[in-house]
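Residue numbers (our numbering), protein chains in the order written: chain U, 130 to 243; chain Y, 467 to 577.
Hints may be right or wrong, so weigh each one.
[To be verified] Some chain Y residues flagged as far from chain U (calculated, every beta-carbon gap over 10 Å):
1. V479
2. R526
3. S535
[What the hints assert, rightly or not] Heads up, simulated DSS-like pairs for lysine-lysine below, C-alpha to C-alpha not over 27 Å straight-line:
4. Y/K508 - U/K207
5. U/K153 - Y/K564
6. U/K207 - U/K153
7. Y/K564 - Y/K508
8. U/K197 - Y/K508
Hints were generated in silico from the structure; no laboratory data involved.
A quick note: this is a predicted structure, and the numbers were derived from the prediction, not measured.
For each residue, glycine too, the CB sits at the ideal point set by N, CA and C.
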Amino acid sequence: DAGVIQSPRHEVTEMGQEVTLRCKPISGHNSLFWYRQTMMRGLELLIYFNNNVPIDDSGMPEDRFSAKMPNASFSTLKIQPSEPRDSAVYFCASSNRPQEETQYFGPGTRLLVL
Amino acid sequence: QKEVEQNSGPLSVPEGAIASLNCTYSDRGSQSFFWYRQYSGKSPELIMFIYSNGDKEDGRFTAQLNKASQYVSLLIRDSQPSDSATYLCAWRYSSASKIIFGSGTRLSIRP
Numbered sequence: 130d131a132g133v134i135q136s137p138r139h140e141v142t143e144m145g146q147e148v149t150l151r152c153k154p155i156s157g158h159n160s161l162f163w164y165r166q167t168m169m170r171g172l173e174l175l176i177y178f179n180n181n182v183p184i185d186d187s188g189m190p191e192d193r194f195s196a197k198m199p200n201a202s203f204s205t206l207k208i209q210p211s212e213p214r215d216s217a218v219y220f221c222a223s224s225n226r227p228q229e230e231t232q233y234f235g236p237g238t239r240l241l242v243l
Numbered sequence: 467q468k469e470v471e472q473n474s475g476p477l478s479v480p481e482g483a484i485a486s487l488n489c490t491y492s493d494r495g496s497q498s499f500f501w502y503r504q505y506s507g508k509s510p511e512l513i514m515f516i517y518s519n520g521d522k523e524d525g526r527f528t529a530q531l532n533k534a535s536q537y538v539s540l541l542i543r544d545s546q547p548s549d550s551a552t553y554l555c556a557w558r559y560s561s562a563s564k565i566i567f568g569s570g571t572r573l574s575i576r577p
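Isolated chain U, as found in the complex (with noise of 0.2 Å):
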């Protein structure tokens, strides 16, 4: 399996633009996950998603933040208006709970707002 993809890899956009970040999964995982990792705060989980539905959205910043999966296989971010603060590593992870405690990740999107 080709693992979690993501994409961008890196972008770099000018504050007040859209970001959109995208991710597949891997292929029979159930749950997907978006974090986010700065050196202030960490590893954060924005929200997460079980069989396509949102489960916890609790820790998506702001109204800003919008998160989607239409199907099992593609979710997006998005983060309108971007703002400076928002430059982080963006990650995306899925895994086949409960029968597998193992979070895959990809290998992020490095967002830069100028």
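Please build the complex by placing chain Y on the supplied structure of chain U, with the hints as guidance.
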């Protein structure tokens, strides 16, 4: 806020020695505990998970859980330079809940 606390390090250990990483957590009801390794510029990867009090061994790695004292540890025996990374501990309250990550401990194995 239910939290996990880790010493951020860096922790420097000579090659071949035992590296000991510790983590405390705040919720006595926590059920599952995890150790992730993250190399610089890479994504986290799961090393071990532990549910029960006591030790769990996997190769050079041993996870130790003490629920009464609310801490979980990771021991790395015969440390290698390739073990140099940031180690994140994490916990989960139940099988249906999300995983909470600590801030990580940077480990450096010196030759």
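Hint check:
Non-interface status of Y/V479 relative to chain U is upheld: no Cβ of that chain comes within 10 Å, the nearest being about 22 Å off. Separation of Y/R526 from chain U is adequate, the least Cβ-Cβ distance of about 19 Å exceeding the 10 Å criterion. Y/S535, annotated as away from the interface, keeps every beta carbon of chain U farther than 10 Å; the closest lies near 23 Å. Restraint check: the Cα-Cα separation between Y/K508 and U/K207 comes to about 22 Å, which is no more than 27 Å; the hinted pair holds.
Between U/K153 and Y/K564, the direct Cα distance comes to roughly 20 Å. Compliance with the 27 Å bound is thereby established for this hinted pair. A C-alpha spacing of about 15 Å is found between U/K207 and U/K153, which places the hinted pair at or below 27 Å, so the restraint holds. A C-alpha spacing of about 22 Å is found between Y/K564 and Y/K508, which places the hinted pair at or below 27 Å, so the restraint holds. The hinted pair formed by U/K197 and Y/K508 meets the criterion: a straight-line CA distance of about 25 Å does not exceed 27 Å.
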